[in-house]
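Read top to bottom, the protein sequences are chains A and B.
Each residue of the first sequence is one higher than the one before, starting from 1 at the first, in our numbering.
Each residue of the second sequence is one higher than the one before, starting from 386 at the first, in our numbering.
No lab work stands behind these hints: they were computed from the structure.
Quick reminder that beta carbons are idealized off the backbone N, C-alpha and C, glycines included.
Just to be clear, a hint being listed does not mean it is correct.
The following label-pair restraints were derived from C-beta to C-beta distances [stated by the list, open to error]: (1) A:I111 / B:Q446: 51 to 61 Å; (2) B:H448 / A:Q280: 23 to 33 Å; (3) A:I111 / B:P438: 48 to 58 Å; (4) A:T121 / B:K447: 25 to 35 Å.
Output of the computed footprint for chain B on chain A, the stretches with three or more beta carbons under 8 Å from beta carbons of chain B [said to hold, decoys possible]: (5) 29-36; (6) 238-249; (7) 258-265.
Computed list of lysine-lysine pairs in PhoX-like fashion (alpha-carbon distance at most 20 Å, straight line) [stated by the list, open to error]: (8) A:K269 / A:K18; (9) A:K214 / B:K455; (10) A:K215 / A:K232; (11) A:K232 / B:K447.
Read off the chains here:
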Amino acid sequence: MIYLDNSATTFPKPPSVKEAIVSFLDTIGANPGRSGHTLSIDSGRILYECRRALSHFIGQSDVFRTLFTLNATQALNTCLYGLLKKGDTVLVSSLEHNSIMRPLYELQDRIGINIRTIPATASCLLDLDRARELANGAKMIACVHGNNVTGALLPLAELSAIAKENDALFLVDASQSVGSIELNMEEMGIDLLCASGHKGLLGPMGTGFFSFSKKVQTEDFATLMQGGTGSKSEAMTQPLMLPDKYESGTINMLGIAGLLEGIRWVEAKGVSAINEHEQQLRIQLVEGIRAIKNLTICEVDNSLATTGAVSLYMKAKNVSEIGMALDKDFGILARVGLHCSPATHRTIGTYHQGGTVRLSPGIFTTKEEIAYVLEALQKIATCKA
Amino acid sequence: MTKGYLLVYTTSCAFYCEELMKPVKGMVVKLVPTPREYSSDCGIAVYFEYEFPETLEELLQKHHLEYELKLLSTISDHPF
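Based on the sequences and whatever the hints tell you, model everything.
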């Protein structure tokens, strides 16, 4: 079986990730920050080490400003609901995932925020001149880093500069890029970085995070959830100290134990080495797909860097048929459809056909596997049934 | 030798203090359950033994940490 759905979640994980989870379950198992006993302290130490390792990894110098969530969607919701108020304007790209768009539309309906959209070409090139016009008066620019359909990386440096010029907060969803693309939120002028822990960071599902810069004032940043934090228990209201303010309820410590080892594995391997590997596979895929008659690849503008993901389709077959053939006939696991990103499919012109077939190799994918995938695609593309 | 506790408001802060204090020469540091006589904000406190409490405070304040310092007056207060 060949797993090419790493954009949804990476698989397999490094053995050390599994070992850390099993070890936590076998030898620690306690709730961090809820007691002073030995195992609770051991558990808390793993949580702290993960927070520190992650902060260092993403270029956050204040370890308390990195907060854990159950996934990137929860992180994004926390930031959007916590910071946006009635009448605020948010600028997004036309390549956003539902994890940004749905909370924004909900906020538009509930409290009346304004959403402005930066247009893009079918090859994912943003109209940055238009972005500069639209940013006037915006409270926040919110965008994805790696587009989850095409693999296109949005121009963060330019968008960050536009945010700065307009004194807007710059929020980035790095779910598709963290771990395989170099990221440093302080150097890149990112005010809010949200991402999954179970993709490029190789942690287990049920892990995500957000991290915010000193430009974000915690007194203006409301909590999405309130509840037990293990601190200030005498107070009936939510404590204001970081990280507790934004981490109510028991943390997914099995996930955190695994995530810590995932981050360590990525750091030991090196982000640039991971990126190079995934880029080589992507080039092999793109060149191979271009050479197959009847297949169309969703091209990304040459000026843009990419993640490892590639999307394709063919006119004669719907994407579900292709996906099913890949799985049942060849043991190749890909994701088909709209990938929770209808905005992207509208932008690149694949919405009405039901989306695309996405192939997303990961660090454990081999070039031999990609060669086999290309052979399979060749057979599917030339098969009339 | 001065002995005492740092009472902190979050467990994250306790671990951060421990990380800062451990490399300091002559410092003994241990995370412990918050003693009953003190207000228990997060369940754990930072116990320390160190000759220069002023230097310790300078270190903690340099990192903008919120804490309450409780010094133990005599050797008999040693909890371990």
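Each hint, compared with the structure:
no., hint, result
1, A:I111 / B:Q446: 51 to 61 Å, "40 Å, violated"
2, B:H448 / A:Q280: 23 to 33 Å, "43 Å, violated"
3, A:I111 / B:P438: 48 to 58 Å, "50 Å, holds"
4, A:T121 / B:K447: 25 to 35 Å, "50 Å, violated"
5, 29-36, "holds (count 5)"
6, 238-249, "holds (count 5)"
7, 258-265, "violated (count 0)"
8, A:K269 / A:K18, "17 Å, holds"
9, A:K214 / B:K455, "31 Å, violated"
10, A:K215 / A:K232, "26 Å, violated"
11, A:K232 / B:K447, "24 Å, violated"
The structure is inconsistent with the numbered hints 1, 2, 4, 7, 9, 10 and 11, although it conforms to all the rest.
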